[in-house]
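Student: Read off the chains here:
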Amino acid sequence: MSDNNGQINSSNALELLLEEASLKGTYRMKRYPGKKFFGYFCSYFPEELIIAAGFEPLRLLPDSENSTPAELPGYCCSLAKGTLDMEIRKQYYDLIGIGFTHTCDTMQCLSGVWSACGQTKTVDIVPPVMLNAPGAFSYYLAETKNLMMTLSSLTQTAIKESSILEAIKLCAHTRSLVTEIDNLRSILPSPLVFSILRAGQLMPRVEYVKALEECLPDLKEMSSKNLHQVKILVSSAVLESDSLFAMIEELGGRVVADDTCTGYRHYSGNTVWGSVNPLTDIVQRYSEMPPCPCKNRSLNERIHHLTTLAKHRNAQGAIIIIRKFCEPHAWDAVSLAESLREKGIRTLTLELEGASVGGQERTRLQAFLEGLLESPDL
Amino acid sequence: MNEVREKQSNYRPLSSKKALQKTMGRYYALTNYHRYWGKIFRRPLAWVTSGAPVELLRAFNIHSAYPEQYAAIYSARNATVALCEVSEAAGYSQDLCSYARSNIGGVLRPDLAPLGGMPKPNLLVACNNICGTVLKWYEVLARHFKVPLLVLDTPFLPHEFTAQAKAYVLEQLISMANDLEKITGCPFDEKKLAAEMKRSREITSLWIETRQYCQNSPSPLNAPDLFINMAPIVVLRGSKAGIEYYRKLRDEVKQRAALAQGAIEDERIRLVWDNIAIWPQLFSFYKMFSEKGACFITDTYSGGWAVEHAPGTPMESLAATYTEIFLNRSPKYRANQLIKLIEDYKANGFVMHSNRSCKPYSLVQEVIRKEVMRETGVPGLMIEADMADPRAYAEEPVRNRVQAFLETFL
Ligand code: SF4
Ligand code: SF4
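So the sequence lines, in the order shown, correspond to chains A and B. Read left to right, the first sequence gives residues 1 to 378 (our numbering). Read left to right, the second sequence gives residues 1 to 410 (our numbering).
Just so you know, not all the hints are guaranteed correct.
[To be verified] Straight-line C-alpha distance at most 30 Å; calculated DSS-like pairs for lysine-lysine:
(1) B:Lys-18 x B:Lys-166
(2) B:Lys-370 x A:Lys-121
(3) A:Lys-324 x B:Lys-370
(4) B:Lys-166 x A:Lys-160
(5) B:Lys-120 x A:Lys-343
(6) A:Lys-121 x B:Lys-166
(7) A:Lys-324 x B:Lys-332
Note that these hints are calculated values from the structure, not bench results.
Next comes chain A alone, as it looks inside the complex:
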């Protein structure tokens, strides 16, 4: 990537991003020997503080969707089972720690199970569920302050205010670059965008930003618009591979709006800075970002956000993914599908064991997309 030729730089950068997305952090020690990684599960874990503490945030993704660690029952989502199995197989021994955010019942339990049977240090933050409840902000701020202290104790050095400010700016810059890419969705292949976004949760942040900056101009030129593609919104929890996005694209669809935990929802919302206490800015960002099904800002905010997003991006169809045994997404799927249909957006709900789609899903996706392609409204 030190090549002076911009073209090569750009393609190398894109290659790096795609490689990181598919490696899912597995070769981190070889590729980035000087870096210390800190694992986390959920987008509500403030990555700004991980970076400010001098670590690289690494989103933990399972390497298999069929793991069955003895410590968890079968009726638990494959994200929890798969990652716990990796911990037991000592795949995370190099991590400085692992951050758990209280989001769903499964995550809440996983944190306790992990600290009982794993070796890696666990760190918890329990944000409010009712983000607009009276007292929620001060409570969240106090939790964030505690988290900062815990992270400091991992390095035995206090996190400096200037480091937090720098981290906030770095995250803001990342989010604005990603937003630029998100805005190019209609002209870029869906799995490509999804990979690029996932890479940002798996590799050192500065390297990610550099690679994004390098390939962004070319991505803007790389139009692959096909007027006959069906515009789709995808909503899901964590998706650790591009399998679904690739199949949608292959069957004539294009993902124009992405509400997945590992996709654009991770980066969406505003970054704020400038307050006397930078932790206030962090809390404000996480309190105001478009909520996932585990959080409530008001009864229908999430549904309203997604129907508006679908309309804004001219989505003709929506695909809602329920990861098997994932309760929060399964709950929202019903009201969300109903509201999208009311707005004239046809909706397909698919249940997946993990992130990969197979023959059965192909048949359903094909029928769904063909139906939309043949629809007179198109």
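Given chain A, put chain B with the ligands in place with the hints provided.
Tutor: Chain B with the ligands in isolation, oriented as in the chain A frame:
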């Protein structure tokens, strides 16, 4: 829950059973006819989660109904499958909590629900101290009924109850009281709340005392007794009717203990139960144990209501009591709780119901099981089932596992 017929042969029935039926019968009649008297007496009907701060609602003269309680009745009356199928057809995944699914089924098809389903609520009150499911479930109900949804967000406690969590819960309770003033038109009266809490404390002490007699050998009560008799403390907490009932029950159990009358004949093995009851198999399941002389002398589920109120002003006490419940705490805390029960009740083993419906209760059980076995040296069995949906119950494998487990005590 008192609807379940007793099918056990070596079962010693409680004579307070009649009083229980009367107390609960009156409550259900009152609840189901709410539409006739609610407006007249200006007493709105709230659907509330089992862990909601009901004393505050009572201070506003609100009548509470419990979807979880009704769901247990649906299950005992074999209506769960039909009701779950209704909600599954409406799009709700079969992997969601069966209380929630059968409740929603009953909302969509009251004609299929025992007792004609639940009467329509004027408001909904959820507290997420038991699980995150209740929030999602009550959101669905709020959209359906278009009535106010009040939520008390009690942060999960990985360790102790922090000062920030205390302040947060307290602030929400104060705001909930303001909302209830607006909804009911009644001013908040702290004295009334204090009186409700006093009655609630009294009922809790009676329940604690009753349970403590089971430390005797033989135990005067077995798990089905505990499950059936917990109904009033859930729905009539803070009421005079509830207090009267638990006095009767306490007296009977005390007498049984004094006379060394066991709940089952020839108690040989003393076990602790963990998780919600298996309602559809209430008697047949526990009979597998009682016929081998195994008695469940205590449990963590109905024991969830046997916890002294926290100190402080009425609001502070509510905040702590409802946030510190065991389901809102770490596996470490829960393991210690089980270890203490095993020691206090001189148990020889424990059985965990790995309950597909209830993730917060169940996902941590295996690590708890290992720790409790390590610390106490007693064996622990894990059984997979569901509290309400009989489709998740595989009779043969369960029977084999239970038999093998009981043989370890020979
Ligand atoms: S939100 Fe769903 S996928 Fe994510 S950890 Fe919870 S249950 Fe698993
Ligand atoms: S059974 Fe479990 S998941 Fe269902 S409402 Fe009760 S605590 Fe929540």
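Student: Now look at each hint and say whether the structure bears it out.
Tutor: Now for the hints, and whether the structure bears them out:
Between B:Lys-18 and B:Lys-166 the CA atoms are separated by roughly 42 Å; this puts the pair beyond 30 Å, and the hint is violated. A distance of roughly 20 Å separates the Cα atoms of B:Lys-370 and A:Lys-121; the hinted pair therefore holds under the 30 Å criterion. Distance restraint check for A:Lys-324 and B:Lys-370: the Cα-Cα separation of roughly 27 Å lies within the 30 Å cut-off, and the hinted pair is therefore satisfied. Among the hinted pairs, B:Lys-166 with A:Lys-160 is consistent with the structure: their alpha-carbon atoms are about 29 Å apart, no more than 30 Å.
Only pairs whose Cα atoms come within 30 Å are accepted, and B:Lys-120 paired with A:Lys-343 is accepted, the gap being roughly 29 Å. A C-alpha spacing of about 26 Å is found between A:Lys-121 and B:Lys-166, which places the hinted pair at or below 30 Å, so the restraint holds. At roughly 28 Å between alpha-carbon atoms, A:Lys-324 and B:Lys-332 fall within 30 Å of each other, so this suggested pair holds.
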